[in-house]
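Participant: Single-letter residue listing:
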Amino acid sequence: DTAVSQTPKYLVTQMGNDKSIKCEQNLGHDTMYWYKQDSKKFLKIMFSYNNKELIINETVPNRFSPKSPDKAHLNLHINSLELGDSAVYFCASSHGGRGFYEQYFGPGTRLTVT
Amino acid sequence: KNQVEQSPQSLIILEGKNCTLQCNYTVSPFSNLRWYKQDTGRGPVSLTIMTFSENTKSNGRYTATLDADTKQSSLHITASQLSDSASYICVVSATYNQGGKLIFGQGTELSVKP
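Protein chains in written order, with our numbering: chain A, -11 to 102; chain B, 82 to 195.
For the record, the hints were derived by calculation from the structure and aren't laboratory data. No residue lacks a Cβ here, since even glycine has one placed at the ideal position from N, Cα and C.
Mimicking DSSO-like on lysine-lysine, the simulated pairs with C-alpha atoms at most 30 angstroms apart in a straight line are:
(1) K29(A) x K152(B)
(2) K138(B) x K29(A)
(3) K24(A) x K7(A)
(4) K28(A) x K98(B)
(5) K10(A) x K24(A)
(6) K138(B) x K32(A)
(7) K82(B) x K152(B)
(8) K28(A) x K82(B)
(9) K28(A) x K152(B)
(10) K59(A) x K(-3)(A)
(11) K29(A) x K98(B)
(12) K194(B) x K29(A)
(13) K152(B) x K32(A)
(14) K194(B) x K28(A)
(15) K138(B) x K28(A)
(16) K24(A) x K138(B)
(17) K29(A) x K82(B)
Here are the simulated distance ranges between beta carbons:
(18) Q90(B) x E46(A): 20 to 28 angstroms
(19) N39(A) x T132(B): 23 to 31 angstroms
(20) G4(A) x S164(B): 37 to 45 angstroms
(21) N39(A) x S139(B): 28 to 36 angstroms
(22) S139(B) x N67(A): 43 to 51 angstroms
(23) N14(A) x S134(B): 29 to 37 angstroms
(24) D26(A) x S109(B): 21 to 29 angstroms
(25) T(-5)(A) x H157(B): 33 to 41 angstroms
(26) S(-7)(A) x N105(B): 29 to 37 angstroms
If the Cβ cut is set under 7 angstroms, some of the chain A residues that face chain B in the computed set are:
(27) F78
(28) G94
(29) P95
Just need the whole structure built from these sequences, with the hints factored in.
Facilitator: What follows is the structure, encoded as structure tokens:
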């Protein structure tokens, strides 16, 4: 009965590879997010999708491409991985995308690029 | 620049004691302020959400206060327990025409010792 789930939990890969992280929510929310938590523990928004439509796209390299096949899923594909991409990536979901409602976070995916 | 600053960066207290964490923010347009608890290796979990008209909100042993005039918030933890050891993150929501965005502080690392 997990609310927001992510796979994989850990991802170790080499520079230059392409990888994907998957996210699914079963809360019936219409908005989903990707966040990056760096080594200093700051969480920063990367993307936000509302009803499969991109509504927030922060200054993120275009090597990162989110894809939302339906309201319950938001996947993150990363091309040509770099050392600086190493971080913990969190998926989240909420009702509505205007920042009024509670956001529920997944357990995170720890990405290590070697 | 939208910023959320927290103090102290880290705190060690004995089990059963109380503590107060601080948060200052410069975020506009302000929508609401949240406190999250993040256990090691987990995603953040919401403790409280307050709009500008709310001065205080409680969730069990957690009590948050908000002064929208001075742009300050605090989180008071009463009768601390070992399970309170975690990172506590102050988050301010900014709402734009195109959607809402959460601005995260760097967190206060709380360690409760027996």
